[in-house]
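Protein chains: 2
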Amino acid sequence: MAESFKDKVAIVGMGCSKFGENWDMGSDDMIVEATYNALEDAGIEMKDIDAGWVGTIGFHGTGSAMTSTGITGAAISMPLKLQYKPVTHVENGCATGTDALRNAAFAVAAKVYDIVLVVGIEKLKDTGFGGLGELGIPPHPVFEGGITAPGMYALAATRYFKKYGLSPEEGKKMLAKVSVKSHYNASRNPRAHLRNVITEDQVLNAPVIAWPLGLFDCCGVTDGAGAAILCRAEDAKQFRDDYVLIKGLGLSIGPGQGSVRTDYDFTIWDETVHAAKEAYAMAGIKDPRKEIDFVECHDCFSISEIIAVESLGLCERGKAINDLESGAWTQEGEIPVNLSGGLKAFGHPIGASGCREAFEIYKQLQGKAEDKSRQIKNARLGLVHNQAGLPGKFMCAVGLYGLPD
Amino acid sequence: MAESFKDKVAIVGMGCSKFGENWDMGSDDMIVEATYNALEDAGIEMKDIDAGWVGTIGFHGTGSAMTSTGITGAAISMPLKLQYKPVTHVENGCATGTDALRNAAFAVAAKVYDIVLVVGIEKLKDTGFGGLGELGIPPHPVFEGGITAPGMYALAATRYFKKYGLSPEEGKKMLAKVSVKSHYNASRNPRAHLRNVITEDQVLNAPVIAWPLGLFDCCGVTDGAGAAILCRAEDAKQFRDDYVLIKGLGLSIGPGQGSVRTDYDFTIWDETVHAAKEAYAMAGIKDPRKEIDFVECHDCFSISEIIAVESLGLCERGKAINDLESGAWTQEGEIPVNLSGGLKAFGHPIGASGCREAFEIYKQLQGKAEDKSRQIKNARLGLVHNQAGLPGKFMCAVGLYGLPD
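Each protein sequence line maps, in turn, to chains A and B. Per my numbering, the first sequence runs over residues 271 to 675. Per my numbering, the second sequence runs over residues 271 to 675.
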């Protein structure tokens, strides 16, 4: 049945807050900024919203609506004063933003609501966030004995090097190309967090976080919010001519218990393979590399981007190095990857990322990329990819957003 | 558009774990028990499930899948080994269970999935849970200066007494009738937590928790899980003849910031009024008292049941006392309320409650109430009501489940 979902739901407005160390903003301020941005873009008012979905894992510090009653739809209904309207709170790790949008899209396709709002939000800086061990949720004492995200992704990197016969130097250099590209892309993107251009030498000589990952192989810690307004495709023209359609949505969670599955092949993300399969089936995609024009994928670490692109079927396995050397993933390349700067340099406020990546796809498809120099040409279909957790127990979401056929 | 949602989605299987102080079970055990219960009821296997939704606010103690990666769909995909399938985690306070079911139903109605699983789960006992102040989430230091749930609902009770001219003795006696009924109902319900029959005298002479609420006016602290299997209505007969249809779903969140809105009328829950309005509009309900046969509503305290029933439009405002005195809310009455024993005596594991209440409606509609003495006759439409948070900033969900017309 799922194929029938393609082209049923349109995105008619999107907004995004400034990403960065927003010490001067609470989560409520970013929710308001992103939402009014999206309302203005759609040409509607708050009263026109029938229902809302908020994606957040709830690191909001104090001063937000999310306190003694836990994290609920009130996270946005209070700051936005959504008088008594229905709001669902979705939480699915780093896949949260896309999953919130996914559930909102289903409600619209089911014809329950006409116009809905999706907000992804995370305020990380106030929490002292610095990695899984500091998320305020203690790791399981037996199964998750303190392994951190950089440590886990570092293992994937060394496995990748070994499997594809890369020397440590060759591997490190391949990773560096990802980070250099991300920072260059972010440097031209006005809302991005880390806008400093970096060189391969800087990446290679940076302090080691978890070998082979150095400081510039890891994403920063960022505050931000993104928002989207959805309606049914047949109503989209009431709002704008350059609306964007949801072509496919996929979600997959790995069955692993504990942090390291001994049978898991760290050089491919199985959950990404499955989520992409679901989204591609909905969208009718047969040859992803040819049919998809550009990609915002989960590059929490440089190695993550490489394995994500390969797992999405957008590059032959083990061949990312060729694409990185040829420039295929740059703005001028065959399939631009993380044009926005990615999680690495645009930023990764967890619950916000799926919406923020959709914002980049949406603006590029409309020919309205912020800073015109970043605009790609003739793009008709973009992909968003999010991934949470650890290998073997990832939560992975894939969204395909495109112009009408 | 929302009216078109009525009768689109069917419930073809439901399950429920034993509710109580399940010291011998982890959250995973209860998830497994409720889910296999539902699968068996629907006559399907785990592999037949296309996608899942889990409702929990995440008090699971140790030993569950929900640890360092936060609360995600993995909460059920790991214990159930839902190999790479999509699972969304929904969290909306005490409205969580119904909201999870609501989002699952939208996905089915949108024809994205054919057969989906919804699980509501909470493991409260291991956390030392004893009220909002001990939820592990500190209250906001200014706006939520430590007021507890019993304290807040006690204020609603005294306001109700004052507004409707009840003396303290008359008011306390009215409340006692609710609790006596709940315990009596639970005493005959095999899966309920508090199965001791109590008397009005016991309620009136119990230790005071927050006047006028005594020990027996407050629900207990309970572990439990509920599960549902949904499909589109046209496919329901493949599974069973006595399927149940989703007639309407409503959700509403109050706009209040802080714990006490000075303009809030504590004798009516505005959020319940709005959620019911949405659900009634979907279901085409004009006269709820006449058209709805029985009700599972949010009776976290005895006063909550009274104000909920009035807010749902099932009893004239201020007239609950007449219904309680006439026995209208008992099993033999005009509109049985909390036949299961309710949150009060069946139990209230937060994220589970919406699914557990739907379980009661489903079984009664099928003529399969557990313990045959509890079975009501000729019921065709039941209502589920959940409410979270505090007056003025409640999250409220309403579900209407019924037999085919």
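Wrong hints could be hidden among the right ones.
One copy or two, it doesn't matter: identical chains are merged, so the pair holds either way.
To be verified - Straight-line distance between alpha carbons at most 27 Å, and here's what the computed DSS-like set of lysine-lysine pairs gives: (1) 351 with 547; (2) 642 with 443; (3) 432 with 642; (4) 547 with 381.
Calculated from the structure, these hints are not laboratory results.
Hints, verified against the model:
Taking CA atoms no more than 27 Å apart as the test, residue 351 paired with residue 547 passes between copies only; the shortest distance there is 19 Å, against 39 Å inside one copy. Neither within a single protomer nor between protomers do residue 642 and residue 443 lie at most 27 Å apart by alpha-carbon distance, with minima of 30 Å and 72 Å respectively. Taking the shortest Cα distances, residue 432 and residue 642 never come within 27 Å of each other, neither inside one copy (41 Å) nor across copies (65 Å). For the identical chains of this complex, residue 547 and residue 381 are neighbours both inside a copy (26 Å) and across copies (18 Å), given an alpha-carbon limit of 27 Å.
Of the numbered hints listed earlier, those contradicted by the structure are 2, 3.
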